[in-house]
Amino acid sequence: MMDIIPTQFIVIFVGLLAIMTFIAVNALILVYLERKVAGFIQRRPGPYEVGPQGILQPVADGVKLLGKQIFTPKGADSKLYWLAPIISITPAIVCFVVIPFGPFLQVINSNVGLILILAFTGINVLAICVAGWTSQNKYSLIGAARDISQGVAYEIPLLLSILPLIFMTGTLNLYEIVIAQGAWPWQWFIASQPLAFFIFFICSLAEANRTPFDLPEGESELTAGFHTDYAGMGFGLFFFAEYTYMTVASCIVAILFLGGFQGPIASGWWWFLAKVYVLLLIMIWIRWTFPRVRFDQLLNICWKWLIPLAVLNLLLTLGVIAIC
Amino acid sequence: MLVKSLRDTAVGLWSLLVGLKVTAFNFVTPNITIHYPREVSPTLEGFRGHIELVPSEEDPYKSKCIACGNCVRTCPSACITMKATKPKKKEEDQQESSSSDTESQSGEKKESSGKKAKPEMVAFSVNFNYCCLCGLCVETCPSGALRFSDNYFLAGFSREEFDIDLVARLQSKAKEQ
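Going line by line, the protein sequences match chains A and B. Mapping of the first sequence onto the working numbering: residues 1 to 324, in sequence order. Mapping of the second sequence onto the working numbering: residues 1 to 177, in sequence order.
Honestly, the hints are just simulated from the structure, not real lab data. Treat the hints with care, as some may be off.
Unchecked claim - To spell it out: a stretch of chain B is covered by chain A in this simulated footprint if at least three of its residues, at any positions, have a beta carbon under 8 Å from a beta carbon of chain A; those stretches are: (1) 17–26; (2) 42–53.
Stated by the list, open to error - DSSO-like cross-link-like pairs, simulated, lysine-lysine; straight-line CA separation at most 27 Å: (3) B/K21 with A/K36; (4) B/K4 with A/K304; (5) A/K79 with A/K68; (6) B/K64 with B/K173; (7) B/K173 with B/K21; (8) B/K21 with B/K64.
For each residue, glycine too, the CB sits at the ideal point set by N, CA and C.
Based on the sequences and whatever the hints tell you, model everything.
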């Protein structure tokens, strides 16, 4: 019996199950963290009533979303309309397959891990495009158009800022990139590539549609942007996907620049999770500090600053590699 | 041009850090929310509830009110009702007339004029439905017998519940103490 089912298949199946559990729990934690941090920054307690210190609030929110009526707007292409949230969340799950959580905690040790993640995170743009287009709604369409131009623009500095690291390590395998860095902070790539770190972090904020770059869902002018017409779990999945993409972005930053699972004392998955959650907290902190940028400012930051700086960084790194 | 835009960018980036510092500072300072049904506000200074009678120093069951009627006359919403006994005109007519002249002056002169000459307040109620909380009655009261209550739990199902008998309220408060 065991011979019929290949081992690789079982590993992937169990891995996917574990990943789905992880991202579900992670989304609950992040929703709670986000609301608590928002509350504390505004000097109020945040969620407080459901459970001790409001700890069950995300569960209550989830149950509420599950209980809502599923509603398709008039004139919408209902197949594509309901496919869009699924297109949004699925690639996010796949991204975790190649992420090394610990020395032995990785579903597939792929040689093209980095490329896989970059390719699959790009699909989210398509999902938002489909959601905006099929909603038959002006707000949704404008939100989707914004997301596409933003996604296309910020994909360029994102890739350009990773290239120097790939040249330095000579690999696209995430596990090997982690191993190429040492255990101590000065051996991590943030020490040798600080500019690339900042460019990558800003771009990943924009790619994950986080404030200050959350123009696709700018509440003040677009109601809720591309997910205006989604109710219940349709909206829930988009929300879920946003938090998952945030986590993917934090994971990549932790792997590429902060030494992944390696830490000064006792390397392991705990170091990786600690780094990821610190980065997520910084993202939340940024969200509750900065106002949303204007659209021309958004593109100016990208084309006038991030892309030239990323190219400069790449050329400098190439020069240094050539000389040494 | 280039120098200016570079300087602007540097200033802008610095302002981002300042912003992060502000929110971080507010994050660690204790929050100011009062969990309303379980906690009450520690200070109600300046809160204007409906008016209430101030008990006199000697007897907490009695009000400081001298039944001059200034509050009733000054109320723009005409929501204060007061009933007073008529001053008994038995003797010392002169003293009485002088006391009625000095109604709005300080209480000391009043005390000197005979006790029988003073009108006494027997009923005092405010119709809170019409009260505009202007506070003219509190300001105008010569004996300081009116103040704003700190009753912010006030709620009811009918209009009649807001026709508040202040004498009864004063006495129930005195009983509690």
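Now for the hints, and whether the structure bears them out:
no.	hint	in the structure
1	17–26	holds (count 6)
2	42–53	violated (count 0)
3	B/K21 with A/K36	18 Å, holds
4	B/K4 with A/K304	15 Å, holds
5	A/K79 with A/K68	19 Å, holds
6	B/K64 with B/K173	15 Å, holds
7	B/K173 with B/K21	50 Å, violated
8	B/K21 with B/K64	55 Å, violated
Violated hints for the displayed structure, listed by number in ascending order: 2, 7 and 8.
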